[in-house]
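Chain A is already provided as a structure; the job is to place chain B on it using the hints.
Okay, here's what each chain looks like letter by letter:
Number of protein chains: 2
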Amino acid sequence: MRFSGLSAFPITPMDAEGRVDRPALRRLVARLREAGVDSVGLLGSTGSYPYLTREERRRALDAALDEAGGRVPILVGIGALRTDEAVRLAQDARSAGAAAGLLAAMSYTPLTDDEVFAHCAAVARESGLPLCLYDNPSTTHFRFGPALVGRLSRVPGIVAVKSPGQPPQAVAGHLAELRAAVPPGFSLGTSGDWLATEGLIAGVEAWYSVVAGLFPQPALAILRAVQAGDTAEARRLDARLEPLWALFREHSSLRVIYACANLLDLTEAVPPRPILPLGADVRARVAEVIRALGLG
Amino acid sequence: MRFSGLSAFPITPMDAEGRVDRPALRRLVARLREAGVDSVGLLGSTGSYPYLTREERRRALDAALDEAGGRVPILVGIGALRTDEAVRLAQDARSAGAAAGLLAAMSYTPLTDDEVFAHCAAVARESGLPLCLYDNPSTTHFRFGPALVGRLSRVPGIVAVKSPGQPPQAVAGHLAELRAAVPPGFSLGTSGDWLATEGLIAGVEAWYSVVAGLFPQPALAILRAVQAGDTAEARRLDARLEPLWALFREHSSLRVIYACANLLDLTEAVPPRPILPLGADVRARVAEVIRALGLG
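Just so you know, the sequences run in chain order A and B. Okay, so the first sequence: first residue is 1 according to the numbering used here, each after it adds one. Okay, so the second sequence: first residue is 297 according to the numbering used here, each after it adds one.
In short, the hints are calculated from the structure, not lab data. Some clues are possibly wrong.
To be verified - So these bits of chain A aren't anywhere near chain B, every CB distance computed over 12 Å:
#1 S4
#2 V149
#3 A246
Unchecked claim - Have a look at the derived ranges for each label pair, beta carbon to beta carbon:
#4 B:E422 to A:A170: 40 to 48 Å
#5 B:A583 to A:A180: 36 to 44 Å
#6 B:G332 to A:P23: 53 to 61 Å
#7 B:A583 to A:Q227: 55 to 63 Å
#8 A:D265 to B:T408: 21 to 29 Å
#9 A:A170 to B:A528: 27 to 35 Å
#10 A:R19 to B:Q513: 46 to 54 Å
#11 A:E268 to B:G424: 27 to 35 Å
#12 A:R71 to B:S434: 54 to 62 Å
#13 B:P319 to A:P137: 34 to 42 Å
The beta carbon of each residue, even a glycine, is placed where N, CA and C say it ideally should be.
This is chain A alone, in the form it adopts within the complex (with noise of 0.2 Å):
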């Protein structure tokens, strides 16, 4: 696959043991794939990949992959807290016929560079499976610094980056030192929703977006006008999704987008606990901002 354009993060609807709930699961993946995204970004954070067991893991990239029929590639998280797990998570996608691997740095013990570097390396050696580095200190709480995304970078297998997102004032200073650190042909992404269209706007190449796991259009029309070079529309358009972001921001696009779902009669799933669905009032909001956008 090409890591470009616009890769969509879905959720994993699962029911309260961790079980997948495939039909739910297959009707996302149908929206994302007649929507034309580039990918489908499955078992994201947003899928809610540590929360699975390898068994159900393997069961949700089943149906997508059947779902998806060869017409969307489909880059698939395989990040685990041990290494030999995560090389077992990569071995299976590559034999379910997942087009990449989405690698994060998940940490308990905080983890030193050289030992993300060769978690990394081993993942990609003993698979064989394309890799997609995932920076998510949010979550991992580990960051790839530039010099360490370079060392990667020359690891056969390893081919793209997924950065958290920017600020406006500090995107092109972080795609240059990416630019610099890594290879031609290494691909740099960018996440954050409502970080994304400047990134897009100074370089980035992949989006991979929470919000077009559920409303693909919306973030393929940004994407669509920065590609034509009409950077006026593309945040014209980013900025009347400000609503949405706001939610996104406040509560985590995570469980906001679990409630969009519901709201979408898409699925009944709620996040795996300890997380929790949203209170009655702020699925309120979330229900106004997403009829004001003629999203629901």
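Relative to the frame of chain A, chain B by itself:
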């Protein structure tokens, strides 16, 4: 068990696949029983609990309980990302015969106070195991504030908190804040070995100690000096250990204590990957320090 005095936290020796080396674990527990610590803190952060399967955690607990032979109570880590998994681990611990459970707020998606409250209350209610809350922001990235500890201290079965070590100038204030939030009899304890002496002097009731998991005597000597009211002697004994504390701060107590256990020929086990053993140069420094302290 009473949550007071010295709780000694050993490593959990295991092979590269995460299978517990029970003879080596028994040797470590035997040292602690013979030294007369007040409790053993099995499967704490030093015991790498998040890196072990439920089955291996049960195997470790069974071996430790058998070795303890009822002569020293065992407090066991039951933390997990999922609430239902933490409940199962607590139920396992209770049925195996652990005296209490140590419950950290492990997180991936950052958690709210209400979520951690519901998580801990569910584990207490559904297991019937006495619980010590485990406040370890450096690994879990969640901080138990006094208000949350106060709420949880009213939940039947939640009887203690293990707080991170506080800098000397903050220790009295931290203790007073917690004391004001909890009912009489709720135990306040500290970790962070290099900060524990001042905590004990300030009135903390329990020291949850990494160093004591391998070297119980020097920790017991500090505790006894504090209990005898000889704060000068406690501080002298603590200051003597400063070269070890410096290594703990620089390389993490977990990595250093593994190196010590290897040097003492108690086990050849290394930390679970991705955590790497210390390099040869640091191991040489560790060897010098424990020799100079008369510990190895």
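Next item on the list: If any of the earlier hints don't hold here, list their numbers in rising order.
Entry: When the structure is compared with the hints, numbers 9 and 12 turn out to be violated.
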